[in-house]
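**Student:** Next come the chains, spelled out residue by residue.
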Amino acid sequence: MTLAAEREAESEVVYPDPTPPVLGGFQGLPARPGWFSQHLGTAVIGAVLGYLLGHWLGNVVGSGYTNVSNSGSNSIAVTGGLLVAVAGWLLGIGAVNYPLAKLVGMEPRPEYESTSWTRYLRYTADHKVVGLQYVIGVLGFFFTGGLLAMAIRTELLSPTSHVFGPGTYIAIVSEHGTVMMMMATSVVVGPLGNWLVPLMIGARRTAFPRVEAFSFWIFTAGYFVILSALFYGGFPTGWTGYAPLQTQAGVGMMSYLVGFAVIGLGMMAAGFNLAVTIINYRAPGMTWSRIPIFVWSILATCALLTLATPTLVAAGLFGILDHTAQTAFYVTEHGGSSFLWQNLFWFFGHPEVYIMALPGFGIVAELLPVFCRKPLFAYKVAAAGMVGVALLSFFVWQHHLFQSGINPDMRPLFMLTTELISIPTGFIYLVGLGTLYKAKIRLEVPMLFCLAVFFNFLIGGVTGVFLSDVPVNVTVHGSFFVLAHFHYTIMGGLIFAFFGGLYYWLPKMTGKTMNKQLGKAHFWTMFIFFNMTFFPMFLIGLLGQPRRVFEYAQNLQALNDFASVSAFLLGASFLIFIANFVWSIFIKPTPAPANPWNSLGLEWQTPTPVPYYNFERIPVVLSDPYHYSEENAPAVADLGEGELVTTGASSPASVAENPRPPAPGVETTR
Amino acid sequence: MTIDTGQPTSQEVTEPAQEEPRHIWRMVAIWAVLAVVLDLLFYFLVGPHVPPGDMTSAASENQDDFTILFLIALPVMIGVWVYMAYSIVIWRASRKGAPEPVGGPQARSNLGVQVGWIVTTTVIVLGLFVFGTVELVVNAGSGGGEGPNPIWTPTSASVLPVQVIAQQWKFTYRYPTFGGFESQQLVIPNGTTIAFHVTSLDVTHDFWAYQLSIKADANPQIDNVAYTTTRQAGSVTVRCDELCGLWHGAMFNYGSVVSKTAFNIWAKATERATAANTKLLPPFAWTYVPDANGADGGYYPDNVDPYSNSEVYGATPAKS
Chain A
1174 MTLAAEREAE SEVVYPDPTP PVLGGFQGLP ARPGWFSQHL GTAVIGAVLG YLLGHWLGNV
1234 VGSGYTNVSN SGSNSIAVTG GLLVAVAGWL LGIGAVNYPL AKLVGMEPRP EYESTSWTRY
1294 LRYTADHKVV GLQYVIGVLG FFFTGGLLAM AIRTELLSPT SHVFGPGTYI AIVSEHGTVM
1354 MMMATSVVVG PLGNWLVPLM IGARRTAFPR VEAFSFWIFT AGYFVILSAL FYGGFPTGWT
1414 GYAPLQTQAG VGMMSYLVGF AVIGLGMMAA GFNLAVTIIN YRAPGMTWSR IPIFVWSILA
1474 TCALLTLATP TLVAAGLFGI LDHTAQTAFY VTEHGGSSFL WQNLFWFFGH PEVYIMALPG
1534 FGIVAELLPV FCRKPLFAYK VAAAGMVGVA LLSFFVWQHH LFQSGINPDM RPLFMLTTEL
1594 ISIPTGFIYL VGLGTLYKAK IRLEVPMLFC LAVFFNFLIG GVTGVFLSDV PVNVTVHGSF
1654 FVLAHFHYTI MGGLIFAFFG GLYYWLPKMT GKTMNKQLGK AHFWTMFIFF NMTFFPMFLI
1714 GLLGQPRRVF EYAQNLQALN DFASVSAFLL GASFLIFIAN FVWSIFIKPT PAPANPWNSL
1774 GLEWQTPTPV PYYNFERIPV VLSDPYHYSE ENAPAVADLG EGELVTTGAS SPASVAENPR
1834 PPAPGVETTR
Chain B
553 MTIDTGQPTS QEVTEPAQEE PRHIWRMVAI WAVLAVVLDL LFYFLVGPHV PPGDMTSAAS
613 ENQDDFTILF LIALPVMIGV WVYMAYSIVI WRASRKGAPE PVGGPQARSN LGVQVGWIVT
673 TTVIVLGLFV FGTVELVVNA GSGGGEGPNP IWTPTSASVL PVQVIAQQWK FTYRYPTFGG
733 FESQQLVIPN GTTIAFHVTS LDVTHDFWAY QLSIKADANP QIDNVAYTTT RQAGSVTVRC
793 DELCGLWHGA MFNYGSVVSK TAFNIWAKAT ERATAANTKL LPPFAWTYVP DANGADGGYY
853 PDNVDPYSNS EVYGATPAKS
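First to last, the protein sequences are chains A and B. For the first sequence, the working numbering assigns the number 1174 to the initial residue and increments by one for each residue that follows. For the second sequence, the working numbering assigns the number 553 to the initial residue and increments by one for each residue that follows.
Everything labelled a hint here was simulated from the structure, so no lab data went into it. One should not assume that every hint holds.
As the list claims (entries may be wrong) - Below, in silico cross-link-like pairs of lysine-lysine (DSBU-like), each with a Cα-Cα straight-line distance of 35 Å or less:
{"hint": "1", "chain 1": "A", "residue 1": "Lys-1613", "chain 2": "A", "residue 2": "Lys-1693"}
{"hint": "2", "chain 1": "B", "residue 1": "Lys-648", "chain 2": "A", "residue 2": "Lys-1685"}
{"hint": "3", "chain 1": "A", "residue 1": "Lys-1553", "chain 2": "B", "residue 2": "Lys-648"}
Using the sequences plus the hints, can you model the full thing?
**Tutor:** Here you go:
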């Protein structure tokens, strides 16, 4: 189809209204930039006040009960404190300005934003600002969990002499697991999904910018909630939170239950927003067979985020009620069931595992064609694989319960579904190997990370088949073998892909070039020490070491010490990344060209920095972005010539001149 | 503005000077050699030592299963790695004389390759499923906990039941066929089919008798049954494999598989020696309700205050 014919065919398209998202604040009041507006500081004040209020309320409510006065700890007060603190945090950042304004019948005013760096500390409807906020947020999450991992490996240096007491150790293990799992649910969807999806599908914004901002700020609230467990003495259950240990635990457990509920709301919000965006905000011509494969992976992930997370929130609510209102959902001797938690948790937990795998596949499949200068091989199989994984992931959860004592007749079924899911998962290898064939492989830093994902995830995936086999599972279930397996899939797959994606897209996101030498040094240290840390753990597990122990058999010390020292070096490799990040972005920034990797992706066709509205005109998409090395290849998109919207303060032309619409009554500094 | 593809469209694809080597056949050759050699090495050198050994029927069968899975997995992994290594070496952009890649429809999909891939992986996966299910059924649950109503039971006529009671943070064992006496140590006879009845008094634990290849969660008020047949005498390590709180890491003990004669002597002697203690225990049952009031058939004897410092489970208060 010729370009003109394509434009003709699309002429009936109604372009989305380029009015800026209405964020909050009150029309009648003057906008207040600077320190007296709402920002991170007011959010902290709101959270502190909220915590004090909630804690006091909880004490008032709970002090009359004998179980509270006898135990000396009041989980009602802690729950109340944490919940109202989250509410205060959201109130303080301005997340509820819009509904509150609507509630009192006032017209909310459009977003006022300065172009200064302080917008990163505010509640903003710009998906690119939210994306970068997420970058810092997930990195903070990740490095917190990483430090806890260093503590775990320090304790495991010796089988018998201890650095920590058993209570501290189990609190550290539980905190590490939970922080990492929470981080991993959003590590790609949050930063890269929010930043890139609108650009990749040719949209000016996400469908629900306020929901998008909400998802980030409640995600950060969740970080502080789960961290608060350490101040209550931690919780002893690991990230899986198994009842009845959960019911037995002290108030630290409330941080876990409330924290997962809070993060869960953020996951649902982020997933819902991006799913609706992908379905409804695609540019004209952006058909389902033309959307970048990364967008497919985000869509599948968002479906899981939206559909699986409610189970977690409900399960957590039951746990909160067991603790505060003395219900007995998980208390066997009062008619509840510990299996209820296990089933609810893993019904969420296994789709969640694919929430942590699919975006990694998406990044890898998106980057391979760019660095191979070849089209993506078997695009439709890749997309079908992602959808297939998403669907099947709801039918595998009982493989976590193979030895638990539930009905054994379900075991062959769940063995089958678990092994079946390796078929669509394996499609990523078909896609990868097919794309590498007779390619022109540029071993840039992002490409190195992609190739490492193929290496690592193969080990993680194949050992997953071992775990799915019920007879073999008898030996490896609950041991370090499982631990090594899921670190190979989540860290070796998702986190490697995430860092590859960061090196690839940060030049577009920040407008600065990352240092290549430091990037390579980061990659090689991370890759080598990752494998040296986690590969011995397969052996440690096979030789009989259960997970989450602080004492182990003497004969396993050599392997454990090897893993520990490697883990410290793996931790050190991230210092190279931090140095690179700080040096390249803040200290000595080198401006990045608009398209440094010579990619065909739509997101790279925008200028750097990307204008507030992404595209001056909504582009008309003419083909998928994988026509590399093709003679007479069709153009990817028609970004439009001439003027489309020419008047008004919010027209793209005006926006290009003046990236933010001025707030009423405020002088712009330009 | 129209975006071009980033590649000069007018560029002629230069004919390679010499015959393009048959890359796929080279890869297959490297793969075949490596796969066969490494599989053989694994089978003969590592296979006999694969955990958890061959002390029981479950252990040796699970060892075989692991070995077979590994023999299948190794060629798959080697295949991918050989392909990737070959690609990176031969088709890297920095190599001199590397041919330009060719895009277009033939590079975007290949029906034969795609169908072949899907069929191959599906056949492997379904084969693994059938294999795993057969092993599970034939081997009476392979030593995994089957819950209170096991459906894969051993064919042996005489099965020795042993109850495993987990609590924070220790395992104790009761022998219902010997008057229900309780032991701190797991002792079982060789050449006998054992039914482990695993239960818990508090939180969820997991009974992992490593050398026996038994793994069963210990849930409060659930009788989780796992079977195996002992084949060799020796010592056994028992560890808790489900996080159960503060001292989870220290929740382990040792047991032994002894000859039938030695077991009978030990069991009868222990039954006699602990007879007084057994009377104080709650009557043998498959599960126990840790009810502080002694209601529901009570785990604590009625006259014992479970919160007292001087009175503990299984002991009468010291007479002062």
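**Student:** Checking against the hints above, which ones are violated?
**Tutor:** none
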